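Asks: Protein chains in written order, with this note's numbering: chain A, 1 to 729; chain B, 1001 to 1559; chain C, 2001 to 2554; chain D, 3001 to 3106.
Hints were generated in silico from the structure; no laboratory data involved. Please note that a few of the clues may not be correct.
Simulated pairs of lysine-lysine, DSBU-like, Cα-Cα distance not exceeding 30 angstroms [said to hold, decoys possible]:
#  : chain 1 : residue 1 : chain 2 : residue 2
1  : A       : K427      : A       : K171
2  : C       : K2317     : A       : K593
3  : C       : K2171     : A       : K685
4  : A       : K685      : C       : K2460
5  : C       : K2460     : A       : K168
6  : A       : K168      : A       : K548
7  : A       : K663      : C       : K2317
8  : A       : K663      : C       : K2171
9  : A       : K663      : C       : K2313
10 : C       : K2317     : A       : K220
11 : A       : K220      : C       : K2171
Restraint-style ranges between C-beta atoms, simulated for each label pair [as the list claims (entries may be wrong)]:
#  : chain 1 : residue 1 : chain 2 : residue 2 : range
12 : B       : P1106     : C       : V2019     : 40 to 46 angstroms
13 : D       : S3006     : A       : R729      : 20 to 26 angstroms
14 : B       : E1484     : A       : Q696      : 48 to 54 angstroms
15 : D       : G3092     : B       : E1484     : 28 to 34 angstroms
16 : C       : K2313     : A       : L490      : 29 to 35 angstroms
17 : C       : R2379     : A       : V487      : 50 to 56 angstroms
18 : A       : L722      : D       : G3092     : 56 to 62 angstroms
19 : B       : G1395     : C       : V2019     : 33 to 39 angstroms
20 : C       : L2229     : A       : R26       : 55 to 61 angstroms
21 : A       : W689      : C       : K2313     : 24 to 30 angstroms
22 : A       : D658      : C       : R2113     : 43 to 49 angstroms
Because the structure is a prediction, the values reported are computed rather than measured. Every residue, glycine too, gets a C-beta built ideally from N, C-alpha and C.
Listed below are the residues making up each chain.
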Amino acid sequence: MDVSMVKWIPWISLLSAAICGVLCFRRAWGVWAAPVTITAIAASFVVAMLAAPSGLLRDDDGRIADALGKSPHDIGQTVKAIDWINLNERDALMDDGSPPATLEEARGLADQHQSARIIESGEAGYSVRVPGLSANFSYYIDPLTLLMLFVVCGIGSLVAIYGAGYMKGDKGYARFFAAVSIFIFAMTSMVMGDNLVLLFLGWEMVGLASYLLIGYYFKKPSAAAAARKAFIVNRIGDLGFALGIFLTYMRYDTVVISEVLAMATSPEHVADWRDYWIPFLLMLGALGKSAQIPLYVWLPDAMEGPTPVSALIHAATMVTSGVYMIARLHPLFENSPYALPTVATIGGVTAFFAATIATSQFDLKKIYAYSTVSQLGYMFLGVGMGVRYAIFGGLFHLLTHAFFKALLFLTSGNVMHGTHGQLDIRKLSGLRHLMPFTCWLMLAGCLSLAAFPLTAGFFSKDAILVGVFEQGLAETDPNRWYVVLGVLGLVTAFLTPFYAFRAWFRVFMGPEKYEMGTEAHGDEEEHAHPSGADSHLIDEDHHAHDDKPHEASWLMLAPLFVLALGALFVGIIGYKPVKELVEGSTAVISTGKESLISADLNLTLIIQIASGIIATLGILTAAYFHWLNRQAGQNLADRLAGPIRVLENKYWVDEIYDLAIVKPLRLLGWIFQLVDTLLVGGLVKLFGWLPRLLGQLARPSQSGVLHGYGLSMLAGVALLVLLILLAAR
Amino acid sequence: MTLMGEKLATIGPEMVLSVGALLCLFLGLARSARVRHATPLIAGVSLVLCIVGPMAWSAARPAAPGEIALVLGLAATPMAAFLKITIASIGLLLLLVSYRTPDQLPQNIEIERSGAAFDPGQTTRGEFFAFFLMSLAGAMLCAGADGLVWLFLALELTSLPTYIMLVTTRQSTLAREATVKYFFLGALAVAMFLYGFTLIYGATGVTQLYTTPVTEGLATVQSVVAEWRQEGQPLPLMLLVGMGLAILGISFKIAAVPMHLYTADVYQGATTPMTAFLAFVPKTAGFASLVLLLGTLGWPLPEPIAAMLWIMAVLTMTVGNVLGLMQTSVKRALAYSSIAHSGYMLVGLLAGSAAMEAGQPVVASGIAGILFYLVAYGVANLASFGVLGCLKRQGEEAETYQDISGLHHRHPWLAAIMLISLLSLIGLPPLVGFLGKIYLFAPAFFTGEPAMIWLVVIALINSAISAVYYLRIAAAIYFGQPSEEVERDEQTARMTGSGIAATAAVVLGLGAGALGLTDMLAKAADQPGKVLIQPADTDGDEAASEDRSNIPSATAGRN
Amino acid sequence: MNAPTLMALLIILPALSAVLIWTCAHRSGLAWAWSMISTTLIFALSLVLFVWSWRTGADGERLINSAGDFFHTQGVAWVDNLGLRFSMGMDSITMWLVMLTTFLMPLVVLGSRSAVESRHREFFGWLMLLQAAMIGTFIARDLIFFYVCFEFTLIPLFFLIGVFGSTDRLKAARVFFLYTFTGSMLTFAGLLYVAWYSAGITGSWTFDIATLTESAQTMSTSQQGMVLLALLAGFAVKVPLFPVHTWLPLAHTEAPTAGSVILAGVLLKLGTYGLIRFALPMVPEAAVDFAPYIGVFAVIGILYTALICWVQKDIKKLIAYSSVSHLGFCVLGIFAIAGNQHLGQSGAVLYMVNHGLATGALFLCVGMIYERFHTREMRQYGGIAAVMPVWSFFFVFFCLASVGLPGLNGFVGEFLTTMGTFLSRETLGIGYAVAAAFGMILGAIYILYMVGKIIFGPLKLPESNGHGPDDQHGHHAKPRDLNSREITTLVPLAAACLFLGLYPTPMLRSLDRSVEQLVEPARQVLVERSRNDEHADTALVQIDARKLEEGTDR
Amino acid sequence: MSTPLSGMLLSHFLMTGAILFGLGLIGFVTRRNLIIMFLCTELMFQGVVISLVSLSLHHGNFEGQTFVIFVLTIAAAEAALALGLVVLLYRGRKTLDGTAWALLRG
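One chain only, chain A, in its complex shape (with noise of 0.2 angstroms):
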């Protein structure tokens, strides 16, 4: 298949939408909704996959080509789909507005402009040719889309067959579909956009997608807020992207990423002061939509969307698209002193940060959303690295945890679809007999996310490790900050088996208990059928269920395996392509292939060795306190009750923010309202009232009175034949 055919990819998505959206007018259509949905996302990732290796850079061997030291133009292929807004090349004039005359002139400006062009023209001499603003539905194809083109369209099928039976019955089917489509559109659009705004436009319209499905449940006003909060949140970040795009294309003249990068790692090229802001911009954005400090706060509360959503949106693929930005876009980053380092610290704290709050929370859901912040922390860990395997790491731990996170998710998706809604993992236990698939499934995934030796995690966290103790042991010009954080990164590996394994023990060992939920997924039906509550979670069977936590439909479960052998094997398997993939990709265009410490340190082997020490030591752990000896845990948890308040409370960073930032705008709303309608509104009623005081000064004049009259005017006229006099003189 031609790679040309990948510009479809975006667009088939779109269409899906369209159509899920004609089927919301009837109920009835809305079963055709998942099917729509589930054959568009597996086309695109059937384009995705058949298309776009064709359009990559192979070495002689067939491989896919190291990108270091290439152009972004070699190692990838455009695809120009359609305008969007594209405005001409125009001539660049000199100071005094005319065009360069000679050939040094034309050269003195072409200087002055990135990427101008310098052209002959006849006898009218040169002129210089700068882009203007060129940002279309164009594909940028390099192995790195390629990967995330993998991750997007192959988890967004698997969640979305899931999602078929999940939302099964739901009133409204049709319209989850519609925004599932919607996301896969922007989704791809932003891992595919050859340009920043495209890049950009994506990053909105994931927004929005996340904004329409976490509040899919709109009756909750829980659930309207939670979407609230997320695309603001993002908002915040989005401003930061935006004002980065356009120092980006102060600095260089132009919005497309692969002659950005190119220009960037060009030898020519000088940095100042622009270079250095941009990543810190671009960061900005990077940080809203992964949900990084200070910008995670959404995301925990966005799993009040529906299970599925949490799996794809909100643990798979969106959260992610931060640490595709600053992998795309690396070489930027590069280009300033600080930026990277910054991102890995955020990385680095964040991933720390979240994980204690994850042991704490009681929420099967929520504990996950803070592992997910944790996760992507390491990513950003990753990716906030000077060399390549962090990078790899990265980038690769974005594919694992695709799986194992989606996994995870589906699974307590599946708990919840069991038992109406409930996920205290308190009021749950012993659940094994009753889930059988699930739980086994929801081990597959722990397992992976604990970094168990040989589970798709620990490859992939493991890289991310490696690449900071690498770079933090630098033999030339070591940085022992980054000792400190890979440091970091370990103890957080001993507190996600801990809090993963936590839950897991919590819910499905132990005593056979459970409390069934009240149905939080929103009373759809109530209004139309007050009888009829939750029928729509639930399958024909329902009644059967009705008090009991119970397994769920083939449907959904299906998926869940492709999911677990994910979380399980790809580690092994998909090593070495997204190795390869990686380093053919723009993130590495001008970062060096050789370690930077000497070669008989063995770091991979002692890494491994002690993360999967330290894995095992956090499953222990939390095998002793929460199945085992649950007591136990009772009785620390009561020894240690004021630090766990605090984690509980999340450090209370809701309320901190919600007091620092959102109540003194809200207050300056208030009195901004008054100031327009007292102050503002009141200056212009004074004007208006200025000429009522005239009228009312200017009445006694009007008396009624004949002499009154006679008087005044001879006042007037006196004083005015006086006038005269003095003025003649």
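With the hints as your guide, set chains B, C and D onto chain A.
Replies: Using the frame of chain A, we list chains B, C and D on its own:
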């Protein structure tokens, strides 16, 4: 014969009107009711003659150069011609509006109903139309006057009949009170400008303003002043004070501060058609006189006079508008608006025609502004008072906001007429009032003086203020609840009159150019004193520039 | 039939139908039907013009005559010795704004089918007249013709608000009229001044915009400043720019739906159109000098009104304030004058059209629920999505277009204006862009806040489902969702939003030349200044060098 | 007319005229009786007339004196009007007090 014809053309309209007035006066005493009822017809015919006659005359015999069109100190200037046609045309509409005014007087109604024998002591039909015509004739004479004496007489001829009309057309204490104020304060004003005229005469030694009737080479006020100014002498104080007093006295007619105090009371006290008359005719006469008087000084005006006029302009427009805001009576509000509009026109008077003389286009001439604005204000004013005159509340004249509330529901056409006139008064495009504003304010820029530009800004702010009360009227008409007690006075003629005026406001706004009005204006706005005496060998335009340099020697008349 | 005739028809036809409606359409349905036909016809005519203009050039490059218009006619004389002509012209800016107007009008009429209960004739008559005036404003190439139409828009809207508005309509109508009228009076003075100045230079009195623009550029800096202030007095009020915006919320809340739609959709653009058409090319020096200050007001407006939006309780008021905030971007874009690009100005024109579509549609949506529930209070609504999913879909859609979601039309304008601001180092610069970008966040906050209150949450319907057609069912009855007429009203708008969001390039390209022409004088000013600065700099350097030498000598 | 009036003599005449005019003015605003008020305006007219005549003598032409004739004529006409008016007013109100007429105001 030719000479005679020209002379007739000079004073023809006034003569026609006088004859008409006499006819009305006499026929109004006729025994037959039918004959008595013919008086308005006679008035109408004579007004039509005033419009058609001169037009036909000039069409038949284009003014040949070298002819003296000057009769006894009256000059047939283009401005006079323009004003005469304007006065006659709007006079015709005024006639339509006030056609049945005498019929509505209680005593007349009683007599007509009872079929009692005609008693000249009781009824006033003929007089009304006679005075109507005389007053118009006076205004026309003002426009053509070329001497202080004529000016004085013409102004008096304009006002004296209005006193009588005012008091006889409404059987109400209010009308009497209005008359008292109007008459006595008017007399005061007359004395004032008369004294001013005296001082002007004292300073210059002549009473002719621009031309001399008998011998070429005699001095006129204009020539004397021009000589002084040419020699760089300061103008004598006597002249300035005289001019000041004259302006102030005449500003009674135009209702400018400080001589405006009577305006609202009189307009309110008068019967509504009469108010329309008062708001237009004396004002036109006054402005014509002011233009002629100030023309002798030449623009730019001497500093003291300009300063005085500037202050007067600002005060007039501001006082008019801010007091208009405070009113509960529509009639009174419109009266104040009349004051304000005089203020606007004073801007044109201040700007004058200096720039135009320097070769600038017509729009540079404040005189053109005034002339056009008189038309614009005339039609809008007439329409608004006309509509008001069509309404009665329990037999009394409607005048409060309450009375016109919801007019739209009951009489949409009246409401529409009122709306158009109000919008034209605000100066909203594309109505004639808007064009008037361009004509009036653009010249101010041509003076190039910051003070004048500020004056324009003040004027425009003032028109924004005026919009407040105009809109209040419009809002009452269109948004208010109709009052059951108010009914329409079945007066087709009055409605027609205001309807035509409103139509004119639209048509002239859009088609002033197409109808040739602005070409007439261009001619009329040529320097005021200029008569039809043209050197034999030049045509109009070149003569315009030469004529001014040809100022006759001023010393001849003095010793 | 040629282009000038068509242009004239665009103005005459609506005026004529207004007269027809007033005089002939005595049955209520007839007035509506006739306005429907006439607006559709006018849209078709403008479409013809549009297609013609598109065919006059290849690849986005249009044939442009000296006046910068691809259609131009001297028209008939109005008043010769005032130099007034009904001259008309169309460049792409005009074209797009006219298209916006003619596109919105049929939809407004369609949407107003059941909006008025009585006085149909008046309602539709005024609407038609308003259309004539709006089109005239954009199409006029004679300054006074422009001003006439500009001012004339006040009258129809005054009546639309005053007669058909809600409770406080009298005050709203009056405040609206007086506020904008006062401002434009000063503008009038400024225009006369320019005409006078031009007469002094060219020796002939004319109001031809091209001529005036050319001669006005030679004014001294202080003169230009005065003229710019005068222009701002009228146009800034119309936009409305902070702090002269207070009339807008009132007018919007009280106006009937059609009035609000047109007000937000087109009338506000008269202000920005005036700024870009007159302020930039006529007084370029002043525009450059004042740009930072105007920018400050625009930015304050963006942020300040955005925060105010957040605490509004009235839906319409919120959207009204949001207009103030949005048009702040527009003004910012217009004054983002830079030496090497005009993204800001192009974006501003785009923004005008896009804001017209999105906000107009939002007002239509609000009108639709107002017709059902007779309240605009946000707290009386909740979870509407449950009972009116179609309406909710459109409402959310337009809200998203309004907050500038990429892919919908709002984004492109917002992005380009902010980008233009960012890049215009000479006048505005990064600080302004950053501040304005905060407005984008706040915009999301208040709009989503509103959406959250109305669409999301447990179902809550206003108590008094009072007088609507649903009354017979009692207030518990499910309110009916949009009927096909209402959907028909909204679908074209949504389609336009989507299309312009996904494929704005043709529009952008077509705007390029026209905008460039308007910005060129200001750019020249910048170029000249930078050259002078260079001289000054070199001089300074020389002086410094000399001082240094002297210093070393000692 | 051989010796034109000028210098001190002229100013005496003019002064007289002015004083008459002034007296009229003062009378107009101080007296309440309508007839007396009217007489005061006549007084002002006479002041004007005296000034005109003396100025006419000063300038040595007849224009001023011609003017006087017309002024007197008009004054007579006004007087006729005034008296008619006064009668009418007295009939209605039974008073000639000028300040009694103050219904219209504001």
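Asks: It remains to establish, for every hint, whether it holds in the given structure.
Replies: Consistency of the hints with the structure:
Taking the CA atoms of A/K427 and A/K171, the gap is near 29 angstroms; set against the 30 angstroms cutoff, the hint holds. Between the alpha carbons of C/K2317 and A/K593 the distance comes to roughly 60 angstroms, so the proposed pair goes past 30 angstroms and is violated. Using a Cα cut-off of 30 angstroms, the hinted pair C/K2171 and A/K685 holds, with the two alpha carbons roughly 12 angstroms apart. Between A/K685 and C/K2460 the alpha-carbon distance is near 38 angstroms, which puts this suggested pair outside the 30 angstroms criterion.
Only pairs whose Cα atoms come within 30 angstroms are accepted, and C/K2460 paired with A/K168 is accepted, the gap being roughly 27 angstroms. In summary, the hint linking A/K168 to A/K548 is supported, as the alpha carbons are separated by about 20 angstroms, within the 30 angstroms threshold. Proximity of A/K663 to C/K2317 is assessed by CA-CA distance (about 22 angstroms); at most 30 angstroms being required, the pair is judged to hold. Between A/K663 and C/K2171, the direct Cα distance comes to roughly 34 angstroms. Violation of the 30 angstroms bound is thereby established for this hinted pair.
Restraint check: the Cα-Cα separation between A/K663 and C/K2313 comes to about 17 angstroms, which is no more than 30 angstroms; the hinted pair holds. A distance of roughly 26 angstroms separates the Cα atoms of C/K2317 and A/K220; the hinted pair therefore holds under the 30 angstroms criterion. Proximity of A/K220 to C/K2171 is assessed by CA-CA distance (about 40 angstroms); at most 30 angstroms being required, the pair is judged violated. Between B/P1106 and C/V2019 the CB atoms are about 42 angstroms apart, so this pair conforms to the stated range of 40 to 46 angstroms.
Range check, D/S3006 to A/R729: Cβ separation about 24 angstroms, and the 20 to 26 angstroms hint holds. Our hint of 48 to 54 angstroms for B/E1484 and A/Q696 is violated, since their Cβ atoms are close to 34 angstroms apart. The hint said 28 to 34 angstroms for the Cβ distance between D/G3092 and B/E1484, and at roughly 32 angstroms that hint holds. With their beta carbons about 53 angstroms apart, C/K2313 and A/L490 fall outside the hinted range of 29 to 35 angstroms.
A C-beta distance of roughly 53 angstroms is found between C/R2379 and A/V487, which places it inside the suggested range of 50 to 56 angstroms. Roughly 40 angstroms separates the CB atoms of A/L722 and D/G3092, a value that falls outside the hinted 56 to 62 angstroms. For B/G1395 and C/V2019, the hinted distance range of 33 to 39 angstroms is satisfied, since their beta carbons lie about 36 angstroms from each other. Range check, C/L2229 to A/R26: Cβ separation about 59 angstroms, and the 55 to 61 angstroms hint holds.
Checking the proposed 24 to 30 angstroms range against A/W689 and C/K2313 shows it holds: the Cβ atoms sit about 28 angstroms from each other. The hinted window of 43 to 49 angstroms between A/D658 and C/R2113 holds, with their beta carbons roughly 46 angstroms apart.
Checked against the numbered hints above, the structure breaks hints 2, 4, 8, 11, 14, 16 and 18 and satisfies the rest.
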